[in-house]
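2 protein chains.
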Amino acid sequence: MKYSYEGLFNFTTNVLVNMGFSHADSMECAKVFLAAETRGFATHGVIRLGDYYKLWEAGRINTSPQVKIVHQSPSTAVVDGDGTIGMIPAKFSMKLAIEKAKQAGTGWVATRNSCNFGISGYYAMMALEHDMIGITMTNASPLVAPTFSAEAMLGTNPIAIAIPAKNQPPFVADFATTPINRGKFTIAAKKGVQLGHGFAQDAEGNPSTDPTVLEKGGSMLPLGGDREHGSHKGYCLGSVVDIFSAVLSGANFGPFVPPMVAYLPLLDQKVGDGLGHFFGAMRIDAFQDGEHFKLMMDKWIGTFRNAKPANGCERVMIPGDQERESEARTAIEGISLIPQVESDLQTIAKRFNMDWIG
Amino acid sequence: MKYSYEGLFNFTTNVLVNMGFSHADSMECAKVFLAAETRGFATHGVIRLGDYYKLWEAGRINTSPQVKIVHQSPSTAVVDGDGTIGMIPAKFSMKLAIEKAKQAGTGWVATRNSCNFGISGYYAMMALEHDMIGITMTNASPLVAPTFSAEAMLGTNPIAIAIPAKNQPPFVADFATTPINRGKFTIAAKKGVQLGHGFAQDAEGNPSTDPTVLEKGGSMLPLGGDREHGSHKGYCLGSVVDIFSAVLSGANFGPFVPPMVAYLPLLDQKVGDGLGHFFGAMRIDAFQDGEHFKLMMDKWIGTFRNAKPANGCERVMIPGDQERESEARTAIEGISLIPQVESDLQTIAKRFNMDWIG
Chain G
1 MKYSYEGLFN
11 FTTNVLVNMG
21 FSHADSMECA
31 KVFLAAETRG
41 FATHGVIRLG
51 DYYKLWEAGR
61 INTSPQVKIV
71 HQSPSTAVVD
81 GDGTIGMIPA
91 KFSMKLAIEK
101 AKQAGTGWVA
111 TRNSCNFGIS
121 GYYAMMALEH
131 DMIGITMTNA
141 SPLVAPTFSA
151 EAMLGTNPIA
161 IAIPAKNQPP
171 FVADFATTPI
181 NRGKFTIAAK
191 KGVQLGHGFA
201 QDAEGNPSTD
211 PTVLEKGGSM
221 LPLGGDREHG
231 SHKGYCLGSV
241 VDIFSAVLSG
251 ANFGPFVPPM
261 VAYLPLLDQK
271 VGDGLGHFFG
281 AMRIDAFQDG
291 EHFKLMMDKW
301 IGTFRNAKPA
311 NGCERVMIPG
321 DQERESEART
331 AIEGISLIPQ
341 VESDLQTIAK
351 RFNMDWIG
Chain F
1 MKYSYEGLFN
11 FTTNVLVNMG
21 FSHADSMECA
31 KVFLAAETRG
41 FATHGVIRLG
51 DYYKLWEAGR
61 INTSPQVKIV
71 HQSPSTAVVD
81 GDGTIGMIPA
91 KFSMKLAIEK
101 AKQAGTGWVA
111 TRNSCNFGIS
121 GYYAMMALEH
131 DMIGITMTNA
141 SPLVAPTFSA
151 EAMLGTNPIA
161 IAIPAKNQPP
171 FVADFATTPI
181 NRGKFTIAAK
191 KGVQLGHGFA
201 QDAEGNPSTD
211 PTVLEKGGSM
221 LPLGGDREHG
231 SHKGYCLGSV
241 VDIFSAVLSG
251 ANFGPFVPPM
261 VAYLPLLDQK
271 VGDGLGHFFG
281 AMRIDAFQDG
291 EHFKLMMDKW
301 IGTFRNAKPA
311 NGCERVMIPG
321 DQERESEART
331 AIEGISLIPQ
341 VESDLQTIAK
351 RFNMDWIG
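Chains as they are written, first to last, in the working numbering: chain G, 1 to 358; chain F, 1 to 358.
Check the hints yourself; a few may be wrong.
[Stated by the list, open to error] Chain F residues, not near chain G, derived (Cβ > 10 Å throughout):
no., residue
1, ILE163
2, GLU204
3, GLY225
4, LYS233
5, ALA262
6, LEU266
7, THR303
8, GLU314
9, SER336
10, GLN346
[What the hints assert, rightly or not] Covered by chain F, per the in silico footprint, the following chain G stretches (three or more residues, Cβ under 8 Å):
no., region
11, 46-59
12, 145-154
13, 166-176
14, 181-188
15, 342-349
By construction, these hints were calculated from the structure, which means they are not laboratory data.
Cβ atoms here follow ideal geometry from the backbone N, Cα and C, with glycine treated the same way.
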């Protein structure tokens, strides 16, 4: 079924208020959940409210956090998220990176003791209105095997980078460091079809096209797929995200990242606090005249958009185009939820004696 | 044939001195050429002396550059390389990033009006002895087609990231944002074998396994290969390298990057000066206690190194291991040059009335 932005936004806010988050925090988190829905990342949208609900039930989420700066220099800081939902320390940290950049030219914040924060692109884009480039990374529960490894050691560890232009829309890249996301495994499994090659391996590290292989001890492969096609580069990228997000901040890294789902127990060994994120803001005019830079970005975007399309392709896209088209579409058509998500949210509504949407 | 480090280092230095570079600059450049040879990147080693020789002959390289800072903030700067060989402004810029980081916690330098600088990893690693993380990017002549494009718009645009550890060797990632480098095309063409799938396309954007396709108007594909396997993520990465290196600095971006080879004419249209690089240095103790960070990096490296190997694989490697093994090997065995490179260098030696090595 289709839902209006307002209906789903208010519902999400109310669920979070019922868990014990402040109304202001709940609205700020709801904006990020809804941005995932409108920008075409439904796997990071309200479907995750169910996971958060279960973590909250298990007492594994702090709803009254004292997010704070624990270390800083003119252009850097480390933030402690106090074990709350990721959106709260993420917004705090990105705002801090922007403030640092106003003074020092750039700002870089590593955040620990946090949890899943939704879509990375949301925070990177916060820099745009300040005429800054925004950068966001986060680590995540281990699902991805390094090149030559049988074991999953890294999350899908996304990177987002937002760069302002003048008359063109901004350049917004937001991508996991794996060829596909976990959602594609679920969809293939539901349809009863095999995955393509280059996406997964079994528990022994043999290539696999079984969409249920992750539940059988298998792993996702890094961007590149196999060594011949550059999987060691995807492994490098995922590792850098992990180290910047977790070793610089003092969070759990690699296989020590705590599970996002309450049905998995917390790990015996911890090497830091919660999971970690990394945020950057670079003031354009700390490098170039701001107007000149934005005109050159218009030129960059126009040049790439006008490249001759490959045989059978309609046009060359700019990072961010697909998400903007999704936003335009959902603004007219509303936001679709699949029946399983509707049912999960209805269960939460009942638990809190809330009305279901609409 | 095999050559000693000293022999090849002195020869390289003397070639550059004969072109008109100062002795000090020539030695600094020779270190980077030789680092490519010892670290296993022969495609970026002394083979490039031939390209530089021809650029010099054509009057397209400034051998008495005034490299200078043209804009700065506490944590940033833009450097103008004055149209010289890339190693000179690259070292200047990375040193400046390190100095900025000492004061502001991090330092970020965008460099324009430069040329090919050899291996990215060299500059990223300059940060290690200062207990900093080093980052290097550069754009390059267009060879790579964005997803859905028939035209090459981006270079192989590498990224290097060096992260210090305590008792473990450092984490050093240094990779092009394509599945393979151009050298693999040349080798396949010489052997008369086809490339694998996912590396190249023809002039119309159809998949191609022809190793000579680049000379026929074809393009390399970004990391990921095709859209299904995430080539749009490789395209994002290559684009970010291009924008940070060239739009932030005021260099030529994308298809406007000037050719590295003197037999190609300079382009009619320029959108900036020369090609561009981007350098970053982050002081570890601007985030964490330095000792704690390095111990945690030891733990990170040890954990990943001890992951169970995939079926048929010997061990899981850490970014930088392969290059260190190459350094150890060449230190014992000497540096191999293929006959074509030997012959090119002998031609240069004759031109300058220099003795050939050994």
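Here is what the structure says about each hint:
For ILE163(F), the condition that its CB be more than 10 Å from all CB atoms of chain G is violated, with the nearest at approximately 6 Å. The Cβ of GLU204(F) sits about 4 Å from the closest Cβ of chain G, inside the 10 Å cut-off, so the non-interface label is violated. At the 10 Å boundary, the C-beta of GLY225(F) falls inside the reach of chain G, the nearest C-beta of that chain being 6 Å off. With a closest Cβ-Cβ approach of about 4 Å to chain G, LYS233(F) is found to fall inside the 10 Å limit, against its non-interface label.
Once the 10 Å rule is applied to beta carbons, ALA262(F) is consistent with being away from chain G; the minimum gap is 25 Å. Every C-beta of chain G lies more than 10 Å from that of LEU266(F), the closest at about 18 Å, which supports listing it as non-interface. A beta-carbon of chain G is positioned within 10 Å of the beta-carbon of THR303(F); the least distance is around 6 Å. Remark: the non-interface label on GLU314(F) conflicts with the geometry, its nearest Cβ contact in chain G lying 8 Å away (cut-off 10 Å).
Its beta-carbon lying about 23 Å from the closest one in chain G, SER336(F) satisfies the requirement of being farther than 10 Å from that chain. Remark: the non-interface label on GLN346(F) is consistent with the geometry, its nearest Cβ contact in chain G lying 35 Å away (cut-off 10 Å). Residues of the region 46-59 of chain G lying with their CB closer than 8 Å to a CB of chain F number 0, which falls below the three-residue condition for coverage. With 8 residues bearing a CB less than 8 Å from a CB of chain F, the region 145-154 of chain G meets the requirement of three and the coverage assertion stands.
Proximity of the region 166-176 of chain G to chain F, defined as three or more residues with a beta carbon under 8 Å from a beta carbon of that chain, is established by the 4 residues found. Here's how the region 181-188 of chain G fares: 0 of its residues keep a CB closer than 8 Å to some CB of chain F, so the rule of at least three is not met and the hint is violated. Using a Cβ-Cβ cut-off of 8 Å, 0 residues of the region 342-349 of chain G lie near chain F, which falls short of the minimum of three, so the contact claim is violated.
Hint violations for this structure: numbers 1, 2, 3, 4, 7, 8, 11, 14, 15, all remaining hints satisfied.
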